[in-house]
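Keeping the supplied structure of chain A fixed, place chain B upon it in accordance with the hints.
Listed in order, the protein sequences are those of chains A and B. Residue numbering for the first sequence follows the numbering used here, starting at 1 and increasing by one per position. Residue numbering for the second sequence follows the numbering used here, starting at 1 and increasing by one per position.
These are calculated hints, taken from the structure and not from any lab test. There could be a bad hint or two in this list.
As the list claims (entries may be wrong) - Here are some, though not all, of the chain A residues that point toward chain B, as calculated from beta-carbon distances under 8 Å:
1. M19
2. I33
3. S49
4. F50
5. L51
6. V58
7. A71
8. A87
9. P91
10. F102
As the list claims (entries may be wrong) - Heads up, incomplete: computed chain A residues facing chain B, CB under 8 Å, no partners named:
11. L26
12. I28
13. P29
14. N46
15. M53
16. H61
As the structure is a computational prediction, the values presented were derived from the model and not from experiment. Glycine is no exception: its CB is placed at the ideal position from the N, C-alpha and C atoms.
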Amino acid sequence: MQYLWYIIAGLIGGVIGGMGMGGGTLLIPILTIFLGVEQVEAQLTNLISFLPMAIVAVIIHAKNKRIDFKAMLWVSVPALVTACVGAYFAPRVKSEWLSKGFGAFLTLLGVAMIIKIIVQKIKSKRRANK
Amino acid sequence: MTMNKLQKSERFSVVKKILIIITSLFAGFATGVFGGGGGMIIVPILTGLYGLQQTKAHATAIATIFPLCLVSVIFYLTHGGWEWKSGLVVTAGVVVGGIVGALAMKKIPAKWLQPIFYILMIVGGIKMLAQ
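Chain A with its partners taken away, still in its complex shape (with noise of 0.2 Å):
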């Protein structure tokens, strides 16, 4: 039974990130808030969950030229450095730091996208009005 949960969870989770919405952000409390699952077990699994996706949303970006290579090494370089120090620490901290520590991202990066849609909203509201 717990396992159509999990099933249940990860269409959710899917769905979303399939629609380019970040799926993993809300696939991680759902797994820890309603499943039970430790704060570093949902983010292993969530990592994980993406890797099969990203390789067949990779090729096919790729194939129809859609991949800036150049953006993605400004990117990924820096990031790969401070990935590598974050992942380290992550298992290693108090889950409920951990825990408490991700409950503060996700608040932040709601309200930053909610502040986006809404500044957005004025922006093209501005534009048909002239």
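Chain B in isolation, oriented as in the chain A frame:
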């Protein structure tokens, strides 16, 4: 005058490059330590700072995040194991859901789904903070 303009635009691009590096450092750390969420930072970096259009930015972001996730997985696994049975079930759900989401995106615009999704994120985030 032209000289001045040129210098200005050059300085601007240097500032942008520095901003790209700083924000990328943050996005990488977030991906590693929180196991996700990097895309939501990287897409705005690519559109706002690098100047890519939305479709290209989304595609490029996936290619950018892939190595970050891969090294993160390796770091996580070297410290502890993975509950692979439940993890694989979730992964199967994500793969099927991902295909459905990608196909649905052509039919349902994400526009009105986005605010709901972001509000859920905030609610989930506050709940985790309060626990």
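Structure-based check of each hint:
| no. | hint | in the structure |
| --- | --- | --- |
| 1 | M19 | holds (4 Å) |
| 2 | I33 | holds (6 Å) |
| 3 | S49 | holds (4 Å) |
| 4 | F50 | holds (5 Å) |
| 5 | L51 | holds (6 Å) |
| 6 | V58 | holds (5 Å) |
| 7 | A71 | holds (5 Å) |
| 8 | A87 | holds (4 Å) |
| 9 | P91 | holds (4 Å) |
| 10 | F102 | holds (5 Å) |
| 11 | L26 | holds (6 Å) |
| 12 | I28 | holds (6 Å) |
| 13 | P29 | holds (4 Å) |
| 14 | N46 | holds (5 Å) |
| 15 | M53 | holds (4 Å) |
| 16 | H61 | holds (4 Å) |
Going through the hint list in order, the structure satisfies each hint without exception.
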